[in-house]
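Based on the provided sequences and hints, a complete structural model is requested.
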Amino acid sequence: MKQFDYVRPATVTEAVAAAAQPGAVYLAAGTNLLDLMKGNISRPDRLVDVTHLEGLDGIERLADGGLRIGALVSNADLAHDADFARSYPAVAEALLSGASAQLRNAATVGGNLLQRTRCAYFYDTASRCNKREAGSGCDARDDENRGHAVLGWSENCIATHPSDFCVPLVALDAVVEIEGRNGRREIALEALHRLPGDAPERESALEPGDLIVAVRLPPAASGFAAHARYLKVRERTSYAFAIVSAAAALRIEGGRIAEARLALGGVAAKPWRARAAEDVLRGVAPTADAFQEAAWRALTDAKPSGDNAFKIELARRIVARALSLAAAGTPARLPALPASLFASTSGAIHA
Amino acid sequence: MNHSISLTVNGARRDFVLDDPRVTLLDLLRERLHLTGTKKGCDRGQCGACTILVDGKRINSCLALAISHDGADILTIEGVARGDQLHPMQAAFIAHDGFQCGFCTPGQIMSAIGMMSEAQAGNDPERIRECMSGNLCRCGAYAGIVDAVLDAQGKMDETNQRRSA
Amino acid sequence: MPELNLTSAPAHLRHGSNIGQPLTRRDGILKVTGHATYAADNHPPGMLFAVIAVSRIAHGRVTSLDVAAAKRHPGVVDVMTPDHKPQLAIDPEIKTNPFVFRMEALQSNEVRYANQPIAVVIAETLEAATEGAVLLAPRYETLPPLVGLDAGESFVPPVVGVGNPSEHHRGDVEAGLASAEKRIDATYETPPQYHNAMEPHAIVVQWDGDSLSVDMPTQGLKLSLARIAELFGIAHDKIHIRSPFLGGGFGSKGLMGGPPVLGIMAAKLVGRPVKLVLRREQMYGPVGHRAPTRQRLRIGADGAGRLTALDHHARTVSSTFDDFYEPAADASHTLYAAPAIRTSHDAVRVNTGTPLFMRAPGEATGSIALESAIDEMAWACGMDPLAFRLKNYAEREPISGKPFSSKALRACYEQGAARFGWAKRSLQPRRMRDDDGLLVGWGLGTATFPALMFQADARAAIRRDGSGVMEIGAHDMGQGAWTALAQIAADAVGLDIDRVAFKAGTSDLPDAGIAGGSAHTATAGAAIHSAGAAVIAKLADLATNDERSPLFGAGNAGVIAREGRLIRRDDESRSESYAEILARAGLAEIEARGTGAPNPAAMEEYAMHAHGAVFAEVKVDPELGQVRVSRMVGAFAAGRIVNPLMVQSQLFGGMIWGLSFALHEEAITDRRTGRIMNANLGEYHVPVNADVPPLDVITVEEHDPHVNALGIKGVGEIGITGSAGAVANAVWHATGVRVRKFPIRIEELLTQR
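Order-wise, the sequence lines are chains A, X and E. What the first sequence shows, in my numbering, is residues 1 to 351, in sequence order. What the second sequence shows, in my numbering, is residues 1 to 165, in sequence order. What the third sequence shows, in my numbering, is residues 1 to 753, in sequence order.
No lab work stands behind these hints, which were simulated from the structure alone. Take these hints with a grain of salt, some might be off.
Dumping the calculated EDC-like pairs for lysine to aspartate or glutamate here, alpha-carbon to alpha-carbon at most 16 Å [what the hints assert, rightly or not]: (1) X/Lys57 / A/Asp77; (2) A/Lys2 / X/Asp19; (3) E/Lys222 / E/Glu591; (4) E/Lys71 / E/Glu124.
Here the structure is a predicted model, which means the values were calculated and not measured.
Here's what the structure looks like:
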């Protein structure tokens with residue numbers, strides 16, 4: 001690990017100023033950053049430790065019915081917050097399907113949003129990687145890429161975003177509150193992560209010094225609580241990143257889908273909102289045929305980036321499954337194996 | 001640049017001058033405080049051997065900078081027993097052969113103790129398996145680990161009930 | 001270091017005798033309190049930290065290292081390179097005996113595989129040494145690497161495994177295939193796998209003049225000591241190795257590899273104690289692995305489902321600079337009564353660290369292919385897989401024609417099948433579902449592993465106070481040597497286990513042989529047994545030749561040793577305690593040595609193997625292809641069981657390795673660079689707790705008078721054999737898809753809906 005200066009600002013304003021310098025990065029729990037630093041993928045000159053900043057670790061129910069989650073709330077604290085889990089069950093399920101209990105205890109909400117890809121070539125500093133080193137090339141294109149992107153990729157980068165948490169969040173129209181050099185602003189989570197295009201090194205809409213201070217769920221997000229699931233196909237029963245995952249949330253009124261929300265994980269450089277699929281579900285009955293149609297629509301633009309054509313079919317199938325499980329109703333209690341296919345039997349219709 | 005920090009480690013306050021901000025909690029415990037019960041299996045948050053409790057919560061100490069945890073209350077495997085009296089979880093690991101080589105064991109036990117206070121798994125073996133999946137055991141002692149957790153939880157519940165009765 | 005203080009666990013279950021009792025681990029308290037001292041836990045005064053820099057290319061040479069940059073980093077003391085290092089007494093390329101493998105000790109700038117050590121940075125802190133290794137920023141001249149099972153011209157290796165011929169024949173395989181009514185011709189692939197013991201390889205070294213003190217995990221204390229002695233040109237008695245606990249070995253800590261040698265060199269270079277610990281990613285190269293294989297099985301059967309021929313060919317790889325050949329095809333020697341059997345191997349060389357022994361070398365890779373092929377043939381014959389195996393049950397070892405020293409496999413099949421409920425299995429695949437609609441599959445695999453014996457010595461003593469001592473440089477890598485061998489020791493000297501000081505784990509003790517081949521309990525146990533018998537015989541001599549003893553005139557054969565007393569066999573009222581005998585003789589202690597060794601006559605006459613039958617149930621999502629094992633039953637017959645609790649744990653562990661072989665483990669190599677792209681525990685998947693279902697082990701009673709004095713066959717490796725095939729066969733039974741490339745991946749199971 002490269003030598004670095006350690007700075008512990010007293011206020012958000014101080015933090016933003018300190019982190020706006022070249023070579024500076026924020027340190028929250030460090031569960032991803034330290035891993036990257038130990039692997040020499042990231043070699044910052046300055047760590048700006050925000051863990052001691054006041055006011056960023058609360059979960060606040062807003063007057064308009066929305067929810068504001070401080071960026072320093074841990075993944076575990078959020079998932080285990082009973083009110084939160086009741087109102088946004090797919091988000092809680094996604095959180096608990098990620099990493100391990102130890103990592104979830106440490107990792108923060110803000111850090112989860114900004115975690116880096118797990119592409120092996122990004123991690124292997126002897127390989128060419130446009131994300132790690134702009135313009136160097138992409139060694140993932142021609143070899144081990146069965147886990148790589150099938151949506152939104154470019155010739156320059158086929159990496160995926162590894163977060164589970166972000167998938168239902170983006171489906172629920174989460175908003176990110178950012179403190180920057182020019183004060184506070186907010187953007188849709190969907191706009192936070194960038195597709196690679198010709199600049200895969202630019203992963204997000206954040207500018208130097210920008211600090212995510214909160215994630216907000218709008219009032220409508222809790223309207224899906226009765227019919228919301230997150231499902232994740234992976235190579236171990238637990239403690240593994242998704243090959244493909246899906247978050248599905250439905251608002252069912254009078255036997256018809258009033259509104260559907262759908263997003264995919266593990267398929268692109270960002271959590272992938274599938275709006276075209278949502279559109280075909282609006283106003284129709286929640287049937288297997290409708291879900292098949294939606295699954296097909298969700299992957300219309302997919303194309304393999306290597307030995308990963310199977311992910312397209314897998315994604316279609318998981319979308320259909322997630323939708324049908326959501327339609328069956330959110331289980332009364334979170335399954336023993338969150339987001340697992342081996343706990344996917346639906347419970348009673350959520351009251 | 002030197003940084004002064006203080007930690008409570010297994011109940012005792014310790015003040016240090018850290019000459020290097022790169023030191024993780026794991027390396028601080030092992031190489032500077034010589035509390036070597038906490039193990040380094042991967043150093044990347046992928047095996048759980050370094051699990052300790054920080055402010056009551058289980059975390060991977062390999063991915064935590066010591067300097068960022070100024071003021072924290074740390075419990076390691078060395079602080080779990082009371083003198084010669086083993087913690088019920090420790091005794092249960094022996095009784096159920098919840099380990100073979102023993103290298104992952106401190107992390108497993110700290111993780112199990114942390115899991116109990118999270119109160120998410122209860123007595124459901126499937127939930128225990130899921131909640132203990134952050135601790136790899138290459139020898140394959142998982143069956144004994146689950147049995148040990150169930151046993152220790154049962155004994156501790158009994159004790160608590162007796163106390164409150 | 002203080003003498004290891006083993007404490008009896010509070011939960012000890014004791015019923016009076018020693019062998020056969022499920023004692024809990026005698027090192028249990030040390031392990032659950034964090035006080036068990038593994039190599040990297042040592043910290044002698046003045047110690048420095050050494051960190052290895054490894055090659056990022058697989059073939060070529062290092063053209064430059066920025067030593068100055070590393071040295072500029074605060075705290076860096078020195079950088080050891082091929083140009084700046086202590087000289088070794090002999091070239092480590094010289095193979096001085098068959099158990100010496102070539103290692104990288106900075107002899108040259110040549111690079112033979114990715115992750116090969118190319119320099120060592122030594123610093124005051126771990127942080128400085130780690131960053132110093134990065135700052136070396138090596139430059140390379142890169143040559144094209146040889147990668148994969150088709151990397152170049154294949155050749156027939158002279159031997160496979162440890163000295164096995166690479167080809168075996170019995171009967172006429174081609175004729176057998178030609179006459180067959182059903183034929184299977186199938187090719188299976190297994191990937192490179194890495195041991196990944198939880199404890200990374202570590203060494204703490206202190207030189208004192210020409211004396212050397214070493215803490216390191218080793219499965220072979222004396223072999224390591226001899227290798228260090230020859231490499232550094234020092235006498236054996238100047239070297240002391242402590243290895244009281246291994247944090248897992250699985251074969252990767254059996255023979256002296258390059259990294260610990262670099263640690264010893266580094267300490268010599270800087271003149272201070274040094275600790276060197278491999279980083280996890282550095283364990284994918286210089287410390288061995290299981291080689292990949294491609295295995296073709298051709299099997300013939302007649303109309304009644306009897307095998308007519310079995311032809312098993314395995315392609316494997318070795319490194320470009322040394323020879324180890326995974327003896328995969330040899331798995332077909334012992335199990336099925338084909339009248340014609342041929343096994344053969346060929347190999348290519350690739351730019352990899354030399355493959356080595358990894359838990360059940362040969363048997364694990366060969367077994368998953370053989371058990372899959374046998375399952376395919378059972379289906380081709382329209383037979384239940386168990387019925388097919390019973391139909392082809394070998395009453396004599398098929399390859400040699402020898403009788404078995406003992407073989408309770410039939411009982412394993414019966415008891416395992418009954419416990420599992422095998423009779424309810426559908427013959428057709430993809431016919432069983434659970435309440436949740438998941439596909440359910442049941443699979444069977446037969447387990448086998450040879451009952452090996454190596455050579456060992458032990459020293460036993462009885463002390464004036466009537467207590468016993470047993471000394472043997474045995475190794476506990478988790479299998480439970482501290483406990484099981486102490487149980488044998490206690491019975492050997494006729495004492496309660498708490499009255500015997502059992503010493504193991506250091507190089508100054510008698511040679512226990514290597515802890516491998518599932519032979520350690522048998523080998524070390526035989527030495528202990530014989531040392532105990534010898535010291536009791538001496539004690540009996542003292543008593544029976546002394547007319548003041550109540551045992552006078554009994555003769556050696558006429559007494560038995562029990563609970564610290566010698567007792568006349570023909571008159572139990574006449575006895576004398578050990579303490580009384582020694583006191584009268586005026587002796588502080590009486591000692592004797594014993595050896596354990598294979599019996600060549602018995603080996604000539606008998607085939608000696610442990611056996612087992614593993615039944616697995618998997619659940620597979622019919623549309624999404626993810627697999628989970630939901631239960632496993634293993635029934636094993638492995639001779640005498642010294643400690644049922646630890647044997648069960650060993651077998652559980654083996655079964656989990658089998659599950660992992662079928663579904664999880666694979667090192668992924670970039671075909672262009674030869675670098676392993678998942679050299680970590682996040683992406684090289686070993687099973688987590690949630691992957692492991694309820695397991696059930698049955699140990700079938702088996703008495704074997706031929707394998708060794710104690711009748712022990714060993715259980716360390718057999719659990720993986722059979723289990724891998726059982727899981728693979730269960731996946732086929734669940735899905736109807738026969739996957740022949742392991743591990744089984746989700747994409748293989750994404751069948752048409």
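- Query: In ascending order, which of the hints set out earlier in this document are inconsistent with the structure?
  - Reply: 3
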